[in-house]
Amino acid sequence: MLLTVRDVSKTFPGDPPVDVLRRVSLDLSAGESLALTGESGSGKSTLLHILGGLETADSGTVSLDGDELTGLQDAELAGVRRRAVGVIFQQFNLIPSLTIGGNLSFHARLAEREDHAWTGHLAEALGLGEHVDRYPEQLSGGQQQRVAIGRALAGRPSLVLADEPTGNLDEDTGDRVMELMVGLTREAGAGLLMVTHSPARAAALDRQIRLSHGVIDGALV
Amino acid sequence: MHRTAFFALLSHWRRQPLQLLALLLGLAAATALWTGVQAINQEARASYDAAASALGQGTEQRLVSDGPIPRETFVALRRAGWLVSPVVEGELEGVTLLGIDPFTLPPTAASPNLQGPRLEQFVGGGLMFANADTAARLPGYNVETAANVPGGQVTADVTTAWDLLGADGFSYLVLLSPQPRGLPPLSDVAPVLSTVTEESAGDIANLTRSFHLNLTAFGLLSFAVGLFIVHAAIGLAFEQRRAMFRTLRALGLPARSLVALLAGETVLFALIAGGLGIALGYGVASALLPGVAGTLRGLYGASVPGSLTLDPAWVLSGLAITFAGAGAAATSSLWKVARLPILAPARPRAWAMASVRGRVAQAGFGALLVMVSLGIAVHGEGLIAGFAMLGSLLFGAALMLPLALDLALRSVAPLAKGVMADWVLADTRQQLPGMSLALMALLLALAANIGVGTMVSSFRATFTGWIDQRLASEIYVTAQTPAQAVALRAFLDAEADATLPLRTAEARLAGAPADILGVVEHRTYQEGWPLIESVPDAWARMNAGEGAFINEQLWRRTGLAMGDRLELRPGWALPVVGVYTDYGNPEGQAMVAQGALLARVEGISPLRFSARVAPERVDMLRAKLEDFGIPPGNILDQASVKRFSLDVFDRTFLVTGALNVLTLGVAAFAILVSLTTLAGMRLPQLAPVWAMGLTRARLARLELLRAVLFAALTFLFALPLGLTVAWMLLNVVNVQAFGWKLPMLAFPLEWLRLLALAVLAAFLAAALPAWRLGRVAPSRLLKVFADER
Amino acid sequence: MSVRCLFLAGILLCLAGVSHGQSFAGLGEDADGFAIPQPGDQFDFPTDHGPHPDYRIEWWYLTANLVGADGKDYGIQWTLFRSAREPRSDESWQSPQTWMGHAALTTPGAHFAAERFARGGTGQAGAQAKPFAAWIDDWEMAGSDTLDVITVTARSEDFAYRLDMVASGPLVFHGEDGHSVKSAEGQASRYYSQPFYEVAGEIEMPDGRIQVTGTAWLDREYSSQPLGRTQSGWDWFAFTFPDGHRMMAFELRDSENADYQSGSWIAPDGTVTQIADGTFDAQPLAFTMIGDRRVPTAWSFRYPERGVDVELTAINPQAWNDLAFAYWEGPFRFTGSHAGTGYLEMTGYE
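Protein chains in written order, with the numbering used here: chain A, 1 to 221; chain B, 1001 to 1789; chain C, 2001 to 2350.
Hints are not guaranteed to be accurate.
As the list claims (entries may be wrong) - With a straight-line Cα cutoff of 20 Å, these simulated SDA-like cross-link-like pairs (lysine to any residue) come out: (1) B/Lys1783 to A/Glu55; (2) B/Lys1417 to A/Arg82; (3) B/Lys1417 to A/Glu112; (4) B/Lys1783 to A/Gly167; (5) B/Lys1783 to A/Val18; (6) B/Lys1783 to A/Glu112; (7) B/Lys1417 to A/Arg109; (8) B/Lys1417 to A/Glu114; (9) B/Lys1417 to A/His116.
What the hints contain is simulated information worked out from the structure, not anything from laboratory work.
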């Protein structure tokens, strides 16, 4: 099992405190894709962050590729993020000071797993071949998100996390980005976990889970 | 409506207290340094004016003679109708004692107040007046404190002065103006007197003008550095409030009103910061004034009190420049607001993303300024031109800095190994627009530091070497009476290896006060007075009384060429056969053969001698001289003279050093402000890197590294610039200001120290933002990904 | 510088109504040892034409009513004041004697005034009886021991004059044999005059020289305490009547008590009749603003005992001596029961 989540809870401090996640459990195997849906504030982004080592759970366990994330220090979590996880954000969040080529290979080089052939293949597959020397600001939103997909996959992570990857894109561009993301993740043999509130996008993945008020509604097949 | 809008605009600052602090402190710091310098200048000028009006207003006509003027001559002149007033001048405990006749000397601003019984005490009771500082140096004397008496001077009645000095007659007669109609010619009444135009006070003002210009230039530089901060803060606030402006405009606030409100906001800040700055400036001036007073005393012999008076003139000038500065810093932002389309997209990063084209245009303008500077260097004349040259060079170079740094970062990029190095370099370039104002400020501060530091150190090294050479005699003795002098001469001839009588006559050379040294023929002089310009056999001709040497100051001022005749006294002119360096002397000087001088000028004091003796015998000779009857205070050994001279020198540049440090401090503050304000805007750029597996601590360390990199790179550009500044100071400004040219020496250790200081300043400035980044909550980083725009 | 203060302390402060606190210490002497004029003192000429260093203050005071070759009226003043800090004279630069000179020239359209100061004992200023001379710098009044024939010179940057004078009558003594009482309390001075000078001379102004003739009046006065504490100033009138009579009258204005009047009616042969307190009436008719001072420059003067009822008008109302010690001093013409010229001095209008 690539990812095993057991009884993960998270409370945001405040007055009153908000229980964002309540004893959430789920599994994801390698090569599998899972859509995480739910209302705004249902806790789906927080769950995604915890699975990516961007945030830590208050209780429960998260095991990624056999590594237990719970209780890891800042530096160890950073290591997990570098090596095991690729992230794709709604805002693309490319590094504006680096070229497209630099962005594509950035994560892989951070993880010290740069594979020129694989990166080149990704660039071609994503239709970015002619843009590698350009800068993010010179690209359209769809192109930028394709760079983000490439960046997430270039280091061959075992898990790709995507947070509303098409949220900032129009319908047609979103379709194309979805297609590339799902296809390439599968090609890389990585698990994909995508947060979305669009049922149509969710339906394109292998499985769906719906979060409601921090609790999993039940597995929808 | 306006009130509501105004408070909405102001609310921004409540949420950005650090920005507000930066704006106010930047403006206050700029004002403070400017005001401080102005206050110092004002104080010094006031005391020159007091000195100038001690006896007359500015230029003063005097009647002088070879010796004291007898009382009868004064009375004869008065009885002939000539309005003259007698003055006795002498030295009392190191203070200038000025004996005046209050009956014939018209009152001036510097006259002691002789109301009521004071006049009786002054004329008949020996009462004297001096300012507080000077009075403190005369304990046991009947001195009353009077603030308006120039420092270093004590004013007494002529009769009191005669008693204290053991003198009679007058040093000179002040020729009052205007004189009555139809007077008999002066030559009939007092044929032995000659008229001179004395600008003793005016001379001081002239001599020190360059010094004050120097100080003013420094003040302006500091002000400019401060304005960088203000400009940055105002510009940032503008960008951050773009959305608010848009909303206000959309809600019906006319563009003109918005501009007016923002202008009002600027005025409000200028008022607050100006007041704060003036208070700070007063503090700066109070702290620096004793040093300046020391400088002026050491360099020019001008007496300036060490305490400060609050003068509305510089308070107002301080406020005015605050407004001017705030206005200048705000204009471009206001201009943008005025032309802002209502539906302009809010792009908070736009400010930081200045286009390469803008950078190139700015550098082009900078290059133009540098060219102007070179043009002035070639064609300019005078001190103002010298400073204009320095100013355009510095600002031109500052404007070129962003492009230069960009090119430098770009050129080292291929050398970078590894993804982190790539990213850091790329990200550093990315940050450049936001940092460039602060870095320009740093460049100015560093270049000024290097330039002034090199100038001062070159000066000091040259001066030290020169003084070693010049002060060759091991011992300097002054006899108490002419009779003792004769005996002393015989004593020294027997005891020392060589005796060199020191004979000096006061004179006016080329229309200004100067000294004529009469020297005997001895290798001491040939070795100690290297000539920077001379004719063949210069020493032989001078020693034979057939030529005169002049010091560099007089040479540069008069433009005399070798062989030109210089009138030393009426009817006595000698060709100039050599020029010697004479650092630290504000006045002209000539050197002639002693025999020739004594033959031409009467009344030269025969009391002073120097003696050559083996160094190990100095103490013994000193003891013998004391046994001989010379008071210890009249015997100076070489070492103590050198110590004294170097002490004077070091005090001279104390202020320069202090201003250097202050300017660097302001630049460091500019970096702090820039980094702090950039920090918030940089989160979106840092969050993805964090998300991809970099710890916050590592990011923070990289931020520190980046700041240090910026500082080091800026230093690399500042070094050649600073050396150019030093060259200009030494070869252009100093020649104008002091009258001497100095060789430029390199001081790599000082540069290293400054580099370390710059790096440290940048490190400290970056430390707070970096520390905050290291501890930023992950949720804040995550928010970056969730923010909807 | 405040040499003026010395004089103010001596003479002029008194006129301004400020006491310098001296008191009578003994007959003929005050607390500081200065001589005090006593009734019955007699003059001793020519010695008394010279200085009296044992008195606190003294002056040689000449005024002249002149007419120029151009027919215009001119007035001349030449005054040498002496003031002593101590009642002694020594010929050193530390002498307690101090000298001040005033010279003025009045024309209908202009008024020039100049001043000089000097310390005593230097020779720069002084006075002597035999041969008679009084001087400060090159300003000089000198002539015969009897004062019958004297010459007066003075010059400044904008005017100069030289006047030769011959007396057509004797010296006259004011008060009782020269004992001129200045207040009801008895303050007094030694006071005599030569009011009968016939003058010929030349004056020089910025626009040229002009020959003048006329009459002049010399006052000699010395004292140690001329005015009372509350006396704030004086108005002093000197009349020259065409028939050869002269009249001197002064009124000492008093801030607390009644003003004090005194004077002399002088016959052409020099016979003096004292003018008693309260016997004449001088009333301002018109005032002139000089700066922010309001100075009476036209007067009605009535002295019924001699049938004098005249109106006098300043030849130049702006005859203000704007000097370290400032006062009004200038020539006037009078009409009415009599017509003639005279000199008016008004102090205490500062």
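Worksheet item: Are there hints from earlier that the structure breaks, and if so, what are their numbers?
Response: 6
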